[in-house]
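With these hints in hand, go ahead and build the complete structure from the sequences.
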Amino acid sequence: MKKLEQILEKKNFLKNDIVFLLSLKGEDCKKLFQKAQEVKLKYISNKVYYRGLIELSNIESALFSYKNNYASIVIQSGEIESEIFSKKIENILKKIHQKTSGKFGITLSMGEQKKETYKRWLDAGASRYLLRIETTNKKLYNKIHPNDETHNFHKRLKHLKELQDIGYQTGTGVLIGLPFQTLEDLADDLLFFKSFDIDMVGMGPYIEHINTPLYKHSNLLLSKENRLELSLKMIAILRILMKDINIAATTAMQTLDENGHIKALIVGANILMPNTTPTTYKKNYLLYENKERTKDQAKNVNKILEERVNSSGNKVCFGEKGDSLHFFKRKKIQYLQ
Numbered sequence: 033m034k035k036l037e038q039i040l041e042k043k044n045f046l047k048n049d050i051v052f053l054l055s056l057k058g059e060d061c062k063k064l065f066q067k068a069q070e071v072k073l074k075y076i077s078n079k080v081y082y083r084g085l086i087e088l089s090n091i092e093s094a095l096f097s098y099k100n101n102y103a104s105i106v107i108q109s110g111e112i113e114s115e116i117f118s119k120k121i122e123n124i125l126k127k128i129h130q131k132t133s134g135k136f137g138i139t140l141s142m143g144e145q146k147k148e149t150y151k152r153w154l155d156a157g158a159s160r161y162l163l164r165i166e167t168t169n170k171k172l173y174n175k176i177h178p179n180d181e182t183h184n185f186h187k188r189l190k191h192l193k194e195l196q197d198i199g200y201q202t203g204t205g206v207l208i209g210l211p212f213q214t215l216e217d218l219a220d221d222l223l224f225f226k227s228f229d230i231d232m233v234g235m236g237p238y239i240e241h242i243n244t245p246l247y248k249h250s251n252l253l254l255s256k257e258n259r260l261e262l263s264l265k266m267i268a269i270l271r272i273l274m275k276d277i278n279i280a281a282t283t284a285m286q287t288l289d290e291n292g293h294i295k296a297l298i299v300g301a302n303i304l305m306p307n308t309t310p311t312t313y314k315k316n317y318l319l320y321e322n323k324e325r326t327k328d329q330a331k332n333v334n335k336i337l338e339e340r341v342n343s344s345g346n347k348v349c350f351g352e353k354g355d356s357l358h359f360f361k362r363k364k365i366q367y368l369q
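At position 27 of the sequence shown (counting the first as 1) the number is 59 in this note's numbering, and the numbers step up by one without a gap.
If you are wondering where the hints come from, they were derived from the structure by calculation, not from laboratory data.
Be aware that one or more of the hints could be misleading.
For lysine-lysine, the following PhoX-like pairs were computed, each having C-alpha atoms within a straight-line distance of at most 25 Å [claimed, not checked]:
1) K361 / K135
2) K295 / K57
3) K42 / K74
4) K275 / K62
5) K361 / K275
6) K43 / K226
7) K99 / K62
8) K74 / K63
9) K63 / K347
10) K42 / K275
11) K126 / K353
12) K295 / K353
13) K226 / K171
14) K170 / K190
These figures come from a predicted structure and were not determined experimentally.
Listed below in C-alpha cells is the structure:
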C-alpha cells in the first residue's frame with residue numbers, strides 16, 4: 033500500500049502526515065479530495081446551508097435573508113468594544129429574533145468582547161460566534177498583527193474558550209498562504225482546530241491589499257492558483273480530521289476563482305455565505321481588492337448560485353439552520369433542526 037493510502041486510512045493524522053497531504057500534487061491530490069468527499073457524504077450528507085452575510089448591523093438585510101428562506105445569517109463588523117455598540121447589537125438581535133419568531137440562526141463575527149457582552153448577545157438571540165485565530169504560530173501572529181493588547185495571541189485563545197463555555201457554537205479560522213507561513217504552520221492550525229474541539233471553521237486564502245503593511249512582503253506569496261489549491265487541501269484534510277463540523281466555502285476563494293466556493297463544497301465544505309449587505313454599503317467594506325459581487329443584489333444571485341451548487345452534486349437546504357452537528361455532540365444534547 034502506498035504512503036498516501038496508508039495515511040488516508042488512519043483514524044488520526046500526525047503533523048508529518050498533514051504536511052505530506054498538503055504537499056500533494058496531481059492525481060494524488062485528487063485522491064485526497066475524493067476521500068474528503070466520501071467522509072462528508074457519510075457524516076453530514078451533501079446538504080449545503082446558506083448564511084446571509086451582512087457586513088453592517090442591518091435589520092432589513094437580515095429580514096431579506098429570512099424571507100428568501102436562508103434560515104441563518106452572519107453579522108460581522110469591526111472590533112468595537114463599547115456599551116453603546118453592545119447595546120445596539122443586543123437590540124438588533126432582539127428585533128431579528130422577534131420578527132423571525134426565533135426561527136433564525138444568527139452568527140456573530142465582531143471580534144473580542146467582554147464576557148458579559150457575549151452572554152447578553154447569546155441571550156438576545158445569537159447562537160454562533162466566529163472569532164478567527166488567523167494563525168496558531170505565535171511568532172507569525174505577532175508579525176501580521178499590531179503589537180498591542182488588543183491583538184494578543186493568548187488573549188484570543190482565552191476568548192475562544194469563553195465563547196465555548198458560555199454556550200456558543202464556536203468557530204474560528206486561519207489565513208492560508210500568508211507571507212512567512214510554512215506547511216508545518218498550517219498542519220499545526222488543523223491540529224489546533226481538533227484539539228480545541230471547534231464547531232465550525234471559516235478559512236481561506238490570504239489576499240493581499242495594497243493599503244496594508246503586509247503588502248510589502250507580496251514577493252513572498254504563492255501564486256493565486258497555488259493559494260487556492262492549498263486552501264482546498266486544507267478544507268479536505270480538515271473534513272477528514274473533523275467529520276461533523278461546519279466548514280465554510282469563503283468569499284476569498286471565490287475572489288481567486290469564480291468557482292472557488294463550489295470547488296470548496298466538493299472537497300468538504302458545507303456552508304455558503306451569500307452577501308446580503310445592501311449594494312450601497314458594500315463598497316465601504318472591501319477587505320481586499322476585487323472582492324466578489326460588490327455589484328450584485330442577493331436576489332439576482334440566488335438562482336445562479338443554487339444551480340451551481342446542485343451541479344456540483346450538493347443540495348441547497350433552504351429553511352434549515354444547518355447548525356454544527358459537532359456542537360451538539362460536544363455539549364451532549366439532542367440535535368433538533
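How the hints compare with the structure:
1. Distance restraint check for K361 and K135: the Cα-Cα separation of roughly 21 Å lies within the 25 Å cut-off, and the hinted pair is therefore satisfied.
2. Proximity of K295 to K57 is assessed by CA-CA distance (about 16 Å); at most 25 Å being required, the pair is judged to hold.
3. Our distance criterion of 25 Å between C-alpha atoms is met by K42 and K74, whose separation comes to about 17 Å.
4. Distance check on the hinted pair: K275 and K62 sit about 19 Å apart at the alpha-carbon level, within 25 Å; holds.
5. This hinted pair checks out: K361 and K275 have alpha carbons roughly 12 Å apart, not beyond 25 Å.
6. Between K43 and K226, the direct Cα distance comes to roughly 13 Å. Compliance with the 25 Å bound is thereby established for this hinted pair.
7. The hinted pair formed by K99 and K62 fails the criterion: a straight-line CA distance of about 39 Å is larger than 25 Å.
8. About 17 Å separates the Cα atoms of K74 and K63, which keeps this hinted pair within 25 Å; it holds.
9. For the hint linking K63 to K347, the alpha-carbon distance of about 23 Å falls within 25 Å, and the restraint holds.
10. Distance check on the hinted pair: K42 and K275 sit about 13 Å apart at the alpha-carbon level, within 25 Å; holds.
11. Among the hinted pairs, K126 with K353 is consistent with the structure: their alpha-carbon atoms are about 18 Å apart, no more than 25 Å.
12. At most 25 Å may separate the alpha-carbon atoms for a hinted pair to count; K295 and K353 meet this at roughly 22 Å.
13. At most 25 Å may separate the alpha-carbon atoms for a hinted pair to count; K226 and K171 meet this at roughly 21 Å.
14. Of the supplied pair hints, the one linking K170 and K190 holds, its CA atoms being roughly 14 Å apart against a limit of 25 Å.
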